[in-house]
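Peer 1: Just need the whole structure built from these sequences, with the hints factored in.
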Amino acid sequence: MAEIIIKIDIPKEFKKEFELALAKVTGEMVNRLELAIAEEIVSKSKFTEKDADELSEKIKSSMNEK
Amino acid sequence: MEFLKVVIDSNILLRTLISRGDILRLIFNRKLKLFAPEKLKEEFENHKKEVLLKSKLSEDRFNLLLSLILKRIIFVSLDKYNSFILKALKLLKEHKKDKDFLALCLFMNVKFWTYEKRFFDLGLAISTKQISEQLKKES
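The listed protein sequences correspond, in order, to chains A and B. In case it helps, the numbering used here puts the first sequence at residues 1 to 66. In case it helps, the numbering used here puts the second sequence at residues 1 to 139.
Bear in mind the hints are in silico, worked out from the structure with no lab data behind them. Using N, Cα and C, we set each Cβ at its ideal position, and we do this for glycine too. Keep in mind that a hint or two might mislead.
Unchecked claim - Listing some non-contacts, in silico: residues in chain B with all C-beta distances to chain A over 12 Å:
| id | residue |
| --- | --- |
| 1 | ILE74 |
| 2 | SER83 |
| 3 | PHE84 |
| 4 | LYS90 |
| 5 | LYS93 |
| 6 | ASN109 |
| 7 | LYS111 |
| 8 | LEU122 |
| 9 | LEU124 |
| 10 | GLN130 |
| 11 | SER132 |
| 12 | GLN134 |
Claimed, not checked - Facing chain A, from chain B, some residues (calculated, C-beta under 10 Å):
| id | residue |
| --- | --- |
| 13 | LEU13 |
| 14 | LEU14 |
| 15 | ARG15 |
| 16 | ARG20 |
| 17 | ARG25 |
| 18 | ASN29 |
| 19 | LYS97 |
Peer 2: Here you go:
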């Protein structure tokens with residue numbers, strides 16, 4: 001697992017503001033990274049709209065058998 | 001942050017696996033909250049091998065992709081929306097296979113993200129384009 005360490009000097013009195021901002025920025029960064037990974041994987045996919053339609057019908061039929 | 005909440009159709013979920021799709025980008029939009037019947041997750045898992053085979057992705061890559069996509073969706077158990085099943089069946093008439101999705105929409109009072117025309121006729125659906133436009137408006 002890759003690990004990134006970033007050090008930022010923030011005055012003590014701004015600790016709370018910094019933590020709030022950090023949570024927001026890291027949340028957005030993780031989201032963007034996950035999207036980038038997903039897009040990279042999907043770019044190699046051979047799945048088609050026809051596959052999606054057929055499998056969706058199968059899945060719905062199975063859902064209704066329960 | 002204002003969220004747009006929708007119930008996602010199985011067909012839309014599967015289309016995230018199509019290369020060059022806009023759906024994937026919407027799935028990862030943090031302003032969009034996605035819901036689906038728990039049964040969808042179970043059946044998706046049961047059909048995983050078939051999806052994997054058709055995608056021609058390696059199993060590792062496929063599993064990673066699936067975990068990233070599925071964690072964006074909140075799966076709701078039947079006991080939560082069970083009381084809306086009868087109403088859903090009445091609205092759906094012969095198309096009973098969508099009853100869980102519709103009952104969940106009725107329970108949550110949200111639209112159904114689908115391509116199926118009959119839901120648009122019922123005024124209960126929202127399209128990919130409409131979601132995209134609504135999210136743009138709010139950003």
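Peer 1: So which of those numbered hints doesn't the model satisfy?
Peer 2: No hint contradicted; all consistent.
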